[in-house]
Amino acid sequence: MISLAARDVLHAWGKFVFTGVGLGLLIGVTLTMAGVYRGMVDDAKVLLNNSGADLWVVQKQTLGPYAEPSSVHDDVYRSILGMPGVASAANVTYLTMQVQQGDRDVRVMVVGIVPDGPGAPGYLLAGRQIVRSHYEAVADVGTGFKLGQVIHIRRHNYTVVGLTRRMVSSGGDPMVFIPLRDAQEAQFLKDNDAILNERNRTAANPAFSRPDVLEAVINSQSNNPFVNAVLVQIKSGFTPEQVAESIRRWKRLQAYTRAQMEEILVAKLIATSSKQIGMFLVILAIVSAAIVAFIIYTLTMGKIREIAVLKLIGTRNRTIAGMIMQQAVGLGLIGFIVGKISATVWAPMFPKYVLLEPGDALRGFIAIVVICILASLLAIRAALKVDPAEAIGG
Amino acid sequence: MARDRGIFIEGMRKRYGEGETAVDALKEVNMQVMPGEVVGLIGPSGSGKSTLLKALGAVIEPTAGRMILGDEVIYDNGWLISDLRALRRDKIGFVFQAPYLIPFLDVTDNVALLPMLAGRPNGESRQRAVELLEALDIAHRAGAMPSQLSGGEQQRVAIARALVNQPPVILADEPTAPLDSERALAVIRILNQMARQYQTAIIVVTHDEKIIPTFKRIYHIRDGRTHEEAGEGREFE
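Those sequence lines, one after another, are chains A and B. If you're matching positions, the first sequence starts at 1 in the working numbering and goes up one per residue. If you're matching positions, the second sequence starts at 1 in the working numbering and goes up one per residue.
No wet-lab data here; the hints were simulated from the structure. Be careful, since some hints might not be right.
Claimed, not checked - Take a look, some chain B residues computed to stay more than 12 angstroms from chain A by CB distance: (1) 19; (2) 90; (3) 94; (4) 174; (5) 232.
Claimed, not checked - With a straight-line cut-off of 20 angstroms between C-alpha atoms, the simulated SDA-like cross-links for lysine to any residue are: (6) 385(A) - 152(B); (7) 91(B) - 240(A); (8) 190(A) - 98(A); (9) 210(B) - 152(B); (10) 190(A) - 217(A); (11) 190(A) - 225(A); (12) 385(A) - 86(B); (13) 385(A) - 316(A); (14) 385(A) - 61(B); (15) 91(B) - 225(A); (16) 15(A) - 147(B); (17) 91(B) - 308(A); (18) 385(A) - 60(B); (19) 91(B) - 316(A); (20) 385(A) - 83(B); (21) 15(A) - 146(B); (22) 60(A) - 240(A); (23) 45(A) - 259(A).
For clarity, every value in this text was computed on a predicted model and none was experimentally measured. C-beta: ideal position from N, C-alpha, C; glycine also.
With these hints in hand, go ahead and build the complete structure from the sequences.
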């Protein structure tokens, strides 16, 4: 038996292919949306992987340092270093801001690190690690910065001495690593007018109008002894939860393991975004189904007389239903191929990371086939209702 | 191939609706068309021609009567055949006013489709189609699409399709309506030739004054009743 669906498609291939391409672009957008979500999750995991930490020690009752502000004293790491099971501990600061380079500015996450400590970039594409205590930076290539370029953060200039890759915040902003001291200053450094006003206000406070007190208070306002978190690596033979429990108990700080931090990032920080994308996916799936249903219904209605003739001359209902369903699935196949190619082509052009996973493509393919089959039911119903008597006049 | 009879109809009635709104579209239809014979069925609009054609084509169920197709009683105050779709496919050929060829199949496959639907192998079905296209002198267009054919050529392909399963009866509904005199007479000539060659009974429903004189026998239908009369049989004497 010849394939009526294939013959019909070959006969009107132009209409069919162009419709499939249109549908494919829509499917491409759908796959890209799924890729955007995957990219967000991957960014979150990369952020944790790149920190090289086993534990994140943060301010008590916060979900810091990525999901909530966290502030801990910068000398806490010393006492943590002395705890059983701790191999290394280092302060770290995170600050998302606009960084200027020449005439342009780039949104980045500025990370204050201790060179060679946890939190420092694990590998470089070019250049070297930070070796000086001030005014050097290592940047993710996503910033667009080049080696040797000078960038401006707050009131200071930094020279880019190294370039790294896939070092991004959970929001996808590329990272710029600078020495910890500079980062601490950048977080809290105010402009000259603000400093002067603050000093005047402090001096005017009668409570501080005693010898040495005013000077001590002003000195304490001029430097920043806080960091956002302490990153801890543990010794072999200890479990992260074991060490975290000790820190929680004895240091009265919050300590998160890798699993807990991933839960915070994926389930809390990007939860709203993922729901947003999920809604888009649902809407796009409904729109795709509506388009396939409309196209197949229109194509079927255009052949109503032929279908009546086919039924009159003895074609079985399942042959007619099969013809319509095969065309719907064929349309979906064309759409999927076009959509997959489109998504692959345009994904790298997105400013944030888009991760197209083969598993998503497979799930998408199955969903498209199911949607096409469901969408063809309307046309099949209409075709099966056609009275063969319509082929006979009168 | 010899058949005892083509189609025999006795006392066929068809009533639409019930009670006071009931309409008797067919009141008393008696017909017999022998194998190899072409008869005309004529009547004014509303006389019951289309209803009769649909009943003969097993598309609607008559209310009463008896119908014998070839050697088989298919209706006796109720269908005796459960699969009417297969009955239409295997035992009744249809030729319409417009050819209604399947636009996405070429000429050969338009004809071969019926035996394929009946489960015959593609090669055998196409072979049978080509033989018929040769008999109808249109084999040279075997690979053409319907849109590439003239009206007369399309109608010849439609006749080939109606004949391909060698049905005992062919129902032709205004087959010459869109054609000029010359082509209309050519179609009737072909129908007569095929009826004789394949021993098929052909009923031609028509209003076409050009072809009415060509029938040897004519059934008039008025108010749901058939009346037989002799025709002139002019063209084929």
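Hint compliance check: list the failing hint numbers for this structure, sorted ascending.
2, 3, 4, 6, 7, 15
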